[in-house]
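Residue numbers (the working numbering), protein chains in the order written: chain D, 1 to 413; chain X, 1 to 367; chain C, 1 to 190.
I should point out that these hints are in silico values taken from the structure, not numbers from a laboratory. Take these hints with a grain of salt, some might be off.
To be verified - The list that follows gives simulated cross-link-like pairs (lysine to any residue, SDA-like), each with its CA atoms no further than 25 Å apart:
| id | chain 1 | residue 1 | chain 2 | residue 2 |
| --- | --- | --- | --- | --- |
| 1 | C | Lys-15 | X | Leu-177 |
| 2 | C | Lys-15 | X | Glu-137 |
| 3 | C | Lys-57 | X | Leu-177 |
| 4 | C | Lys-57 | X | Glu-49 |
| 5 | D | Lys-334 | D | Leu-392 |
| 6 | X | Lys-202 | D | Ser-390 |
| 7 | X | Lys-202 | D | Lys-102 |
| 8 | X | Lys-244 | X | Pro-17 |
| 9 | C | Lys-15 | X | Leu-336 |
| 10 | X | Lys-260 | X | Ile-280 |
| 11 | X | Lys-50 | C | Pro-32 |
| 12 | C | Lys-15 | D | Leu-366 |
| 13 | X | Lys-85 | X | Ile-280 |
| 14 | C | Lys-118 | X | Arg-150 |
| 15 | D | Lys-102 | X | Pro-17 |
| 16 | X | Lys-260 | X | Asp-318 |
| 17 | X | Lys-202 | D | Glu-249 |
| 18 | X | Lys-202 | D | Leu-392 |
| 19 | C | Lys-57 | X | Leu-51 |
| 20 | D | Lys-98 | C | Ser-25 |
| 21 | X | Lys-202 | D | Lys-98 |
| 22 | X | Lys-260 | D | Ser-394 |
| 23 | C | Lys-136 | C | Pro-32 |
| 24 | D | Lys-334 | X | Gly-203 |
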Amino acid sequence: MAFLEGNALFRNLYCLLAGNSGNAQHCGRDGLLPAGWEWLAFALVGFAITFLLLSAFLLLTMFYTYLERRLLGRFQGRIGPNRAGPFGLLQPVADAIKLLTKESIVPQGADWLLYNLAPLMMVVVMFMVLAVIPFGKHTFIADLNVGVLFIIAVTSVNALAVFMAGIASGNRYALFGGMRAVAQLISYEVPMVLSIVGVLLLAGSLSLVEIVEAQVIPFFLLQPLGLFIFVVSASAEMNRPPFDQLEAESEIVAGYHTEYGGMKFGLFYLAEYAAVLTTSGVIATLFLDGWEGPLLPSHVWFLMKVFFLAFIFIWVRATLPRVRIDQTMAFAWKFLLPLGIINVFMTAAELLLFGHEEAGGQGIVLSTADLWLMSVVNFAVAVVGIGAFSRLVSLRTPALPVSAPKPSAAEVV
Amino acid sequence: MPMRSEPVTVNVGPQHPSTHGVFRLRITFDGEVILDAEPVFGYLHRGSEKLAEERTYTQVITLTDRLDYVASMTNNQAYVLACEKLAGVQPPERGMYLRVIAAELQRIASHLMATGFLLNDLGAFATPLMYCFRERERILDLFEMLCGARITLSYMRVGGVFQDAPEEFWPALRIFLGEMPHYIDEYERLLSENEILVTRTKGVSVLTVDQALNGSVTGPVLRATGFPWDLRKVDPYEVYGRVKFDVPLGRAGDNYDRFKIRIDEMRQSLRIVEQCVEQIEPGPVRADVPALVRPPVGDAYSRIEGPKGELGFYLVSDGSVAPYRFKIRSPSFINLTVLRDMLIGWKLADMIVTLGSIDINMGEVDR
Amino acid sequence: MYGLGILNGFMVTLKNFIRRPFTISYPEQRAPQHPRFRGEEFTWYEERCTGCASCAKFCPLGIIRIVTHPSQETPAEGDSYAIDVFDIDIGRCMFCGLCVEACPYDALFMGSGFEEAKYRRQDLVISVERLRTAEKRPSTWYRPQLEAQNYDPRRGEPMTWQGAGREPWPYHLPLRPTTEEMTTDREAKP
């Protein structure tokens with residue numbers, strides 16, 4: 001419980017309910033609940049804060065869907081949604097109402113349970129990630145000491161959700177989407193984890209709060225290659241262009257959610273956009289110094305960083321064409337993975353070179369001058385590495401020599 | 001370890017977001033690899049050829065608008081040329097220049113649409129499509145000035161064009177000619193050097209010259225293979241003999257060449273329009289042809305270089321006011337015949353791009 | 001190579017991001033409409049119409065229906081036939097303008113509007129009553145005499161039938177033949 005003490009909102013609510021009794025808290029007055037009911041106070045306050053966070057996050061996601069459509073419009077020379085409410089701000093609300101009032105259909109060939117479970121899984125996963133992201137100074141639900149591991153573990157589940165949706169729909173396009181999901185999402189986990197290893201080496205901790213606090217200079221300066229790999233593989237993980245293979249609309253209609261309609265589709269949609277915000281949050285925490293920043297309050301800084309990253313994702317979506325699925329896979333294994341390994345080695349070697357043991361046994365510490373030197377070296381490595389690999393690695397594959405079989409009449413749908 | 005896999009047959013279309021209309025492909029896949037592809041069409045068949053037999057020669061112009069509905073001007077042009085050949089009418093100079101200006105503008109519009117949709121099929125979320133449509137709208141604005149419509153133009157008549165261009169058309173055209181090259185540069189900067197696009201299209205779905213000639217493929221698809229065949233050069237009609245332009249050629253005959261050649265052709269079309277604007281002189285725009293054309297008994301075939309390939313009209317006259325037989329040689333339809341050869345062995349994603357690079361139009365395929 | 005092409009693309013989209021959007025919000029703003037625009041509703045001057053039904057004959061779809069009866073009280077330049085029915089089914093019309101081109105007496109003009117959406121198909125048929133009473137804003141399509149006046153149907157006053165004038169096409173009759181000419185001609189032929 002110690003990790004919650006820093007949170008003012010939690011402390012005040014807890015004191016209101018539990019008061020001075022029980023734990024080593026010093027509220028200075030009696031609470032509403034009698035002694036011995038601290039667990040209830042803890043649970044209630046936990047629920048309240050989670051509810052607050054989720055509501056705030058959902059609102060933010062709704063705003064983000066509006067923002068993305070609006071900005072995409074501007075990138076394309078259009079205006080974007082501007083009819084519902086002032087400047088079209090109520091467009092997400094209108095969309096939600098429309099999706100909620102639609103009939104919920106389960107196709108005939110579908111597996112009922114998996115079909116209905118998949119969208120839920122997708123959304124729940126996205127919300128679970130929120131638990132460990134610090135949104136500002138002392139503002140988090142849980143400061144897990146294995147925070148990064150938790151995020152990686154939890155987000156892997158959405159591969160399963162997508163695959164379930166693809167398999168359960170009983171549609172061949174959805175099957176294509178599901179199969180692509182398995183291949184792509186699992187492949188990109190590897191470079192993503194490798195890119196985080198560099199950050200972990202520098203910070204010496206898996207806790208997100210401690211990672212932020214460890215950033216003497218923001219890690220994107222020290223880990224340019226790591227940031228690049230993380231952004232690319234994260235956009236593949238959350239199915240953003242140019243790696244939107246799972247639902248590539250010009251190829252496989254809508255991929256895994258071809259057969260979904262109504263609010264079930266809405267949940268996929270929500271999860272997709274929520275993923276952008278959570279991923280931006282994770283990137284901001286790991287690489288952009290999290291909530292830290294001069295003058296403005298920490299929450300504002302965090303939101304600004306998140307929306308800056310979201311803007312980059314929108315920009316990428318507006319610009320790049322889609323990569324073919326085999327090239328996507330080749331990119332992960334031939335390009336990102338070796339670069340990731342190089343990055344880990346470079347960081348480790350630099351820590352050995354520059355680092356020196358602190359007297360208190362706090363692990364390896366670097367002086368600021370050394371950090372700047374490291375930054376310069378790493379930027380050079382990043383540029384050379386990306387250049388060399390784009391020269392060496394060819395993603396092109398020739399046509400497969402196939403002898404066309406005649407499909408029997410029964411196979412033709 | 002070899003894995004056992006089963007082929008799966010998928011109907012791509014007729015309700016698919018990127019089959020360019022109601023086109024259906026029955027494809028056998030092994031995983032993502034195409035084993036066999038069979039185009040199925042006819043979903044947009046409207047019986048244009050039969051309908052034309054019931055209409056007078058002038059009324060048929062409205063039918064030709066609806067063949068390739070993104071390039072009405074060139075359809076009009078090909079048809080009226082056939083009629084003129086049949087009736088032995090020589091249109092006046094100014095009329096021919098106006099026709100060539102309109103047809104070249106239409107070629108730019110059609111290529112813009114083809115490029116935009118090709119890039120959209122590549123997955124570049126509608127951005128290049130919107131940019132291409134921005135310029136296409138300006139061409140359609142010019143057409144609106146010229147003939148009062150934007151898509152189904154019906155501008156040309158047997159013996160010329162129906163009416164001279166209005167005063168406001170010429171300055172607007174000059175502004176467009178001045179600005180368009182910058183926009184073409186912008187498309188090139190946007191994607192043509194893009195590594196993702198290059199990896200996805202270079203060397204993909206290669207069409208050799210022999211295959212192309214065997215399938216009697218024409219237009220940009222043939223020229224992308226490196227075979228110099230442009231009817232505007234080979235068999236000049238109207239005033240194409242009097243203007244200078246190059247015929248851009250590809251080398252490999254892959255998807256990238258087919259994409260690039262359209263951008264180069266847009267530049268050449270601008271050159272042609274510029275020269276026509278220089279050369280055009282005042283005068284009548286329409287020959288003295290009666291409203292009800294009654295060509296003598298006989299037949300005529302006339303062909304032009306349409307945006308998608310050789311567009312030909314074959315007309316048989318029995319001396320009445322309506323054609324006895326009306327046959328369309330539509331380039332989209334004939335270019336489709338090589339689709340199967342181009343697809344086999346490639347991936348699902350390439351299928352969409354290859355289809356986009358052929359630039360078919362279902363109105364013309366099914367007629 | 002080296003991802004420079006991708007960066008180029010990013011610059012182009014950023015440039016367009018800063019530019020003003022080229023689309024407009026339709027009901028509030030409108031794209032400029034050119035005077036030759038072939039609009040949906042037709043403009044018809046009864047004073048000129050002789051009921052010859054050339055327009056009906058030239059229509060590729062046959063959607064114009066005209067019924068006349070002989071009458072002595074025909075207006076202005078019209079022939080001695082009065083119009084009972086003049087139905088144009090714009091539900092099937094493709095606005096090719098061949099009817100306007102066919103009209104020998106400049107009685108029929110293309111309209112200039114494009115907002116004729118209706119809830120029922122029957123409402124799409126423009127009746128003779130509507131043609132008579134509608135505000136006359138003819139398109140200048142195929143009417144060079146209107147273009148010569150710099151007439152813009154979207155601006156200025158509605159056009160009267162005298163103002164609309166006659167077109168100078170060589171293959172249209174310069175003047176309406178008198179009734180005597182018509183009758184003698186008809187009798188002369190077997």
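Here's how the hints hold up against the structure:
{"no.": "1", "hint": "C:Lys-15 / X:Leu-177", "result": "22 Å, holds"}
{"no.": "2", "hint": "C:Lys-15 / X:Glu-137", "result": "20 Å, holds"}
{"no.": "3", "hint": "C:Lys-57 / X:Leu-177", "result": "41 Å, violated"}
{"no.": "4", "hint": "C:Lys-57 / X:Glu-49", "result": "21 Å, holds"}
{"no.": "5", "hint": "D:Lys-334 / D:Leu-392", "result": "10 Å, holds"}
{"no.": "6", "hint": "X:Lys-202 / D:Ser-390", "result": "16 Å, holds"}
{"no.": "7", "hint": "X:Lys-202 / D:Lys-102", "result": "44 Å, violated"}
{"no.": "8", "hint": "X:Lys-244 / X:Pro-17", "result": "40 Å, violated"}
{"no.": "9", "hint": "C:Lys-15 / X:Leu-336", "result": "38 Å, violated"}
{"no.": "10", "hint": "X:Lys-260 / X:Ile-280", "result": "31 Å, violated"}
{"no.": "11", "hint": "X:Lys-50 / C:Pro-32", "result": "39 Å, violated"}
{"no.": "12", "hint": "C:Lys-15 / D:Leu-366", "result": "41 Å, violated"}
{"no.": "13", "hint": "X:Lys-85 / X:Ile-280", "result": "23 Å, holds"}
{"no.": "14", "hint": "C:Lys-118 / X:Arg-150", "result": "22 Å, holds"}
{"no.": "15", "hint": "D:Lys-102 / X:Pro-17", "result": "22 Å, holds"}
{"no.": "16", "hint": "X:Lys-260 / X:Asp-318", "result": "45 Å, violated"}
{"no.": "17", "hint": "X:Lys-202 / D:Glu-249", "result": "22 Å, holds"}
{"no.": "18", "hint": "X:Lys-202 / D:Leu-392", "result": "17 Å, holds"}
{"no.": "19", "hint": "C:Lys-57 / X:Leu-51", "result": "16 Å, holds"}
{"no.": "20", "hint": "D:Lys-98 / C:Ser-25", "result": "23 Å, holds"}
{"no.": "21", "hint": "X:Lys-202 / D:Lys-98", "result": "43 Å, violated"}
{"no.": "22", "hint": "X:Lys-260 / D:Ser-394", "result": "22 Å, holds"}
{"no.": "23", "hint": "C:Lys-136 / C:Pro-32", "result": "20 Å, holds"}
{"no.": "24", "hint": "D:Lys-334 / X:Gly-203", "result": "20 Å, holds"}
Taken one by one, the earlier hints fail for this structure at numbers 3, 7, 8, 9, 10, 11, 12, 16 and 21, listed in ascending order.
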